[in-house]
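Those sequence lines, one after another, are chains G and D.
Read in order, the letters of the first sequence correspond to residues 1 to 487 in this note's numbering.
Read in order, the letters of the second sequence correspond to residues 488 to 816 in this note's numbering.
Each hint should be verified, as a subset may be incorrect.
[To be verified] The list that follows gives simulated cross-link-like pairs (lysine-lysine, BS3-like), each with its CA atoms no further than 30 Å apart:
no.	chain 1	residue 1	chain 2	residue 2
1	D	575	D	748
2	D	748	G	22
3	D	801	D	524
4	D	552	D	635
5	G	375	D	721
6	G	434	G	22
7	G	22	D	721
8	G	22	D	551
9	D	552	G	336
10	G	376	D	551
11	G	336	D	575
12	G	22	D	547
13	D	540	G	376
14	G	22	G	79
15	D	761	G	336
16	D	524	G	336
17	G	336	D	635
18	G	22	D	552
19	D	748	G	375
20	D	748	D	761
21	D	540	G	22
22	G	434	D	524
23	G	375	D	575
24	G	434	D	540
25	G	336	D	610
26	D	524	G	376
27	D	524	D	610
Treat the hints as calculated values from the structure; they're not laboratory data.
The chain contents come next:
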Amino acid sequence: MSSTPPSSKLGSLDYAPALESKSSATIAAHYGLFIEGAFREASSSQSFSSINPATEEELTTISQANAADVDAAVASARKAYDSVWSKMPGAERGKYLYRIARIIQERSRELAVVETLDNGKPIRESRDVDVPTAAAHFFYYAGWADKLEHAGFGPSPRPLGVAGQIVPWNFPLLMAAWKLAPALATGNTCVLKPAETTSLSAMVLADILQQADLPPGVVNIITGDGSTGAALVAHPGVDKIAFTGSTGVGRQIQRSLATTTKHVTLELGGKGANIVFDDAPLDETVEGIIDGIFFNQGHVCCAGSRLLVQESIADDILARLLRRVDQLRVGDPMDKNTDVGAINSAEQLERIRVLANAGDEEGATRYTSSCELPKKGFWFAPTVFSNVAQTHRIAREEIFGPVLSVLTFRTPEEAIAKANNTTYGLACGVWSEKGSRTLWAAQRLRAGVVWANTYNRFDPTSPFGGVRESGFGREGGRHGLEGYLDV
Amino acid sequence: MKSKVGDHAQSVDNVVTLVTSPGPRIDSEAHLVATLKALPGVDAVGVEARVAKLATRSIKTSAKKEALDLALSMVDLTTLEGADTFQKVRSLCTKAMLPDPRDASVPSVAAVCVYPDLVALAKDVVKGSSVKVASVATAFPSGRASMKVKLADVEEAVSAGADEIDMVIDRGAFLSGQLGRVYEEIVAVKEACGTAHLKVILETGELVTYDNVRKASWLAMLAGADFIKTSTGKVSVSATRPVALVMLEAVRDFADVYGQKIGVKVAGGIRTSKDAIRYLVLVNETAGSAWLSPDLFRFGASSLLNDLLMQRQKLASGVYVRSDEFSVD
Numbered sequence: 001m002s003s004t005p006p007s008s009k010l011g012s013l014d015y016a017p018a019l020e021s022k023s024s025a026t027i028a029a030h031y032g033l034f035i036e037g038a039f040r041e042a043s044s045s046q047s048f049s050s051i052n053p054a055t056e057e058e059l060t061t062i063s064q065a066n067a068a069d070v071d072a073a074v075a076s077a078r079k080a081y082d083s084v085w086s087k088m089p090g091a092e093r094g095k096y097l098y099r100i101a102r103i104i105q106e107r108s109r110e111l112a113v114v115e116t117l118d119n120g121k122p123i124r125e126s127r128d129v130d131v132p133t134a135a136a137h138f139f140y141y142a143g144w145a146d147k148l149e150h151a152g153f154g155p156s157p158r159p160l161g162v163a164g165q166i167v168p169w170n171f172p173l174l175m176a177a178w179k180l181a182p183a184l185a186t187g188n189t190c191v192l193k194p195a196e197t198t199s200l201s202a203m204v205l206a207d208i209l210q211q212a213d214l215p216p217g218v219v220n221i222i223t224g225d226g227s228t229g230a231a232l233v234a235h236p237g238v239d240k241i242a243f244t245g246s247t248g249v250g251r252q253i254q255r256s257l258a259t260t261t262k263h264v265t266l267e268l269g270g271k272g273a274n275i276v277f278d279d280a281p282l283d284e285t286v287e288g289i290i291d292g293i294f295f296n297q298g299h300v301c302c303a304g305s306r307l308l309v310q311e312s313i314a315d316d317i318l319a320r321l322l323r324r325v326d327q328l329r330v331g332d333p334m335d336k337n338t339d340v341g342a343i344n345s346a347e348q349l350e351r352i353r354v355l356a357n358a359g360d361e362e363g364a365t366r367y368t369s370s371c372e373l374p375k376k377g378f379w380f381a382p383t384v385f386s387n388v389a390q391t392h393r394i395a396r397e398e399i400f401g402p403v404l405s406v407l408t409f410r411t412p413e414e415a416i417a418k419a420n421n422t423t424y425g426l427a428c429g430v431w432s433e434k435g436s437r438t439l440w441a442a443q444r445l446r447a448g449v450v451w452a453n454t455y456n457r458f459d460p461t462s463p464f465g466g467v468r469e470s471g472f473g474r475e476g477g478r479h480g481l482e483g484y485l486d487v
Numbered sequence: 488m489k490s491k492v493g494d495h496a497q498s499v500d501n502v503v504t505l506v507t508s509p510g511p512r513i514d515s516e517a518h519l520v521a522t523l524k525a526l527p528g529v530d531a532v533g534v535e536a537r538v539a540k541l542a543t544r545s546i547k548t549s550a551k552k553e554a555l556d557l558a559l560s561m562v563d564l565t566t567l568e569g570a571d572t573f574q575k576v577r578s579l580c581t582k583a584m585l586p587d588p589r590d591a592s593v594p595s596v597a598a599v600c601v602y603p604d605l606v607a608l609a610k611d612v613v614k615g616s617s618v619k620v621a622s623v624a625t626a627f628p629s630g631r632a633s634m635k636v637k638l639a640d641v642e643e644a645v646s647a648g649a650d651e652i653d654m655v656i657d658r659g660a661f662l663s664g665q666l667g668r669v670y671e672e673i674v675a676v677k678e679a680c681g682t683a684h685l686k687v688i689l690e691t692g693e694l695v696t697y698d699n700v701r702k703a704s705w706l707a708m709l710a711g712a713d714f715i716k717t718s719t720g721k722v723s724v725s726a727t728r729p730v731a732l733v734m735l736e737a738v739r740d741f742a743d744v745y746g747q748k749i750g751v752k753v754a755g756g757i758r759t760s761k762d763a764i765r766y767l768v769l770v771n772e773t774a775g776s777a778w779l780s781p782d783l784f785r786f787g788a789s790s791l792l793n794d795l796l797m798q799r800q801k802l803a804s805g806v807y808v809r810s811d812e813f814s815v816d
């Protein structure tokens, strides 16, 4: 681990390193594929290494699943669907989900440590957000399992069958929970494919599923790169594909499914606008802007990566924002006082650099946090671009990193026009103390989610999803059941 | 590639400096009302979320030692009971100067805080030390007396030698919108204080909303408070961290506008070191390091002192001692 403590310019109270202990998690030297309730080696015997992005040290090696393995996983899921899961009463399925939720809570420290080591996100976030929210999703959908006939989808809604679920690297465990919990509650069986760089928490989850005595084959977990995901999408035995990831891959998936009868839901990229009106609660707004873009290093599809500030308060907001950016503690993700951790991969770091450089070239004003960055690992200092124009690449393309683009507006109409002038439509934030103005804005924003005086809040009871190039289908809430029911 | 905070300003020569010009900050009640009305609102959910997040800061080892000593040096060791005796105050003052007689490295506390009739006694005991004597005044804790009585109360405490006066605002006047009256009272008390420092108690438990706390904080600062203080400790809701956060934002912003640093005192209900350290984290990450000093941040407390001593001892030796190792007063 890097020995440099996270730096904070503000305050003479120097926080001593407060490292979370790694001892609560045991990481095996190698992980196989989880098929039919047991781990097994990939048929090709090939594996790839999983590294800690904060140190570039290898954590473990993981099996690379090929088409034959995907076939085995889908066959296992089909068998479990036909023989056990589709016949089981909802109340019984619910019991398994409750049990999984409780074990996630019991093993929360282990899961948080694994997630942070593997992903690079601060332990505070994996401990306080990822893991508890994952458990909450299982608890929530456990409650639906025996009440599906009251969900508004007809008297006896049927499951789809085998669901292929591909999750991204930004919230590995949480996204797996978002996918698995509603699918299992509605009676589907699953083949889950974690992202190549972040498979570890799914391996712990597999262990949890065993511990919960989930019948073999109800959930299968196959690891690997994009080819594994492509094989899963193309597999004829899959009835439904649920994908969270980039718009580019989402497009490929939709293209390959166009001639099939498979159901599909896509949760893709975004370029969320955080709109600040001049009557906003300033201090809380600044915190919300910070949460909106620096939470999880900005690796958030719904990140508030475009800040739209009303001209009359732009200077004030920007000064407060930059003061706060300098205060962010960047460094060792295992330190409990770290605010911003490591970028997940070298590849992603390069993408962030390219886009940030485009910001410079196009004439925006860059402000970089004065924090010191560790020598090893993948790091990008929190960055704010002001004087950004709507035409700049940094105002249009998803950066997926700790980079904020600040634009201004004069009238509410201009704010809406700018916010909607994107090919995406995942999330927006509106900051105002005036309720009528917030509702007026929310009605006009083309986005799946609009947050009022907050940002990046996730709750299992609330549906989440996008419009336009941010995808379709909803996860969470009653709406989240629909994607796994034959309705 | 780095740029300064001000770089974004489009035309620097257009900046007009109104607020730092000399002269009275407030020239009429209408001006006062307009100034307070122009303050940005406080989003309660956001304030509480920020406080909850900062409560997860993990202050360990060397940082904890530093924080405990800092907190010790910020204590206004307080006794405000009808049953206060001369002996109790004498004991309190002795303890304030030398909190742990066996360990000279323990810093003395910032001040003792007593009723006006005990100021002379306290002053006599702490003579020659760095410990200040603070006195509550202005018909503490309710503030329900005529202006004449309030000023007499202050004058008595000041002439007895009080270094600091903790006044209460007229919450009835504030809540009923008589902001000018509250302002004038503070101005008059400030004048009666002479060289004594003035802490203005907002009694935030009675102001209820964060918006009121922000407004009252600015009102007190504009009227000349040296410190703004949360509570008397005599109503059911005393200091809370969200309220402290709003007040710390107020002093930070006031310093940005007027270039003058006002202190913050949190009082009532702070009993544990853990709680005290959480307040210090709030100070550190809101107002900043300049406020991490007894000149600008205080804890009004009594039982907190022994917990700080106990935690300090635990950090040094690795084991807890029994509570009777420390004196009760």
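Hints versus structure:
1. D/575 with D/748: violated, 34 Å
2. D/748 with G/22: violated, 43 Å
3. D/801 with D/524: Cα-Cα ~49 Å, so violated.
4. D/552 with D/635: violated, 47 Å
5. G/375 with D/721: Violated: residue 375 of chain G and residue 721 of chain D sit about 54 Å apart, past 30 Å.
6. G/434 with G/22: violated, 47 Å
7. G/22 with D/721: Outside the cut-off at roughly 46 Å; violated.
8. G/22 with D/551: Given that 30 Å is the threshold and the Cα spacing comes to 22 Å, the pair holds.
9. D/552 with G/336: holds, 18 Å
10. G/376 with D/551: Holds - the C-alpha atoms of residue 551 of chain D and residue 376 of chain G are around 29 Å apart, at most 30 Å.
11. G/336 with D/575: violated, 43 Å
12. G/22 with D/547: holds, 18 Å
13. D/540 with G/376: holds, 28 Å
14. G/22 with G/79: Distance of about 38 Å is beyond 30 Å: violated.
15. D/761 with G/336: Measuring from Cα to Cα gives roughly 16 Å; hence the hint holds.
16. D/524 with G/336: Distance ~39 Å between residue 524 of chain D and residue 336 of chain G Cα, so the pair is violated.
17. G/336 with D/635: violated, 54 Å
18. G/22 with D/552: This hinted pair holds, its Cα atoms lying about 25 Å apart.
19. D/748 with G/375: violated, 38 Å
20. D/748 with D/761: Given that 30 Å is the threshold and the Cα spacing comes to 26 Å, the pair holds.
21. D/540 with G/22: holds, 23 Å
22. G/434 with D/524: holds, 15 Å
23. G/375 with D/575: Status violated; Cα separation ~58 Å.
24. G/434 with D/540: With Cα atoms ~26 Å apart, residue 434 of chain G and residue 540 of chain D stay inside 30 Å; holds.
25. G/336 with D/610: violated, 45 Å
26. D/524 with G/376: Distance of about 51 Å is beyond 30 Å: violated.
27. D/524 with D/610: violated, 42 Å
Hints 1, 2, 3, 4, 5, 6, 7, 11, 14, 16, 17, 19, 23, 25, 26, 27 from the list above are not met by this structure, while the remaining hints are.
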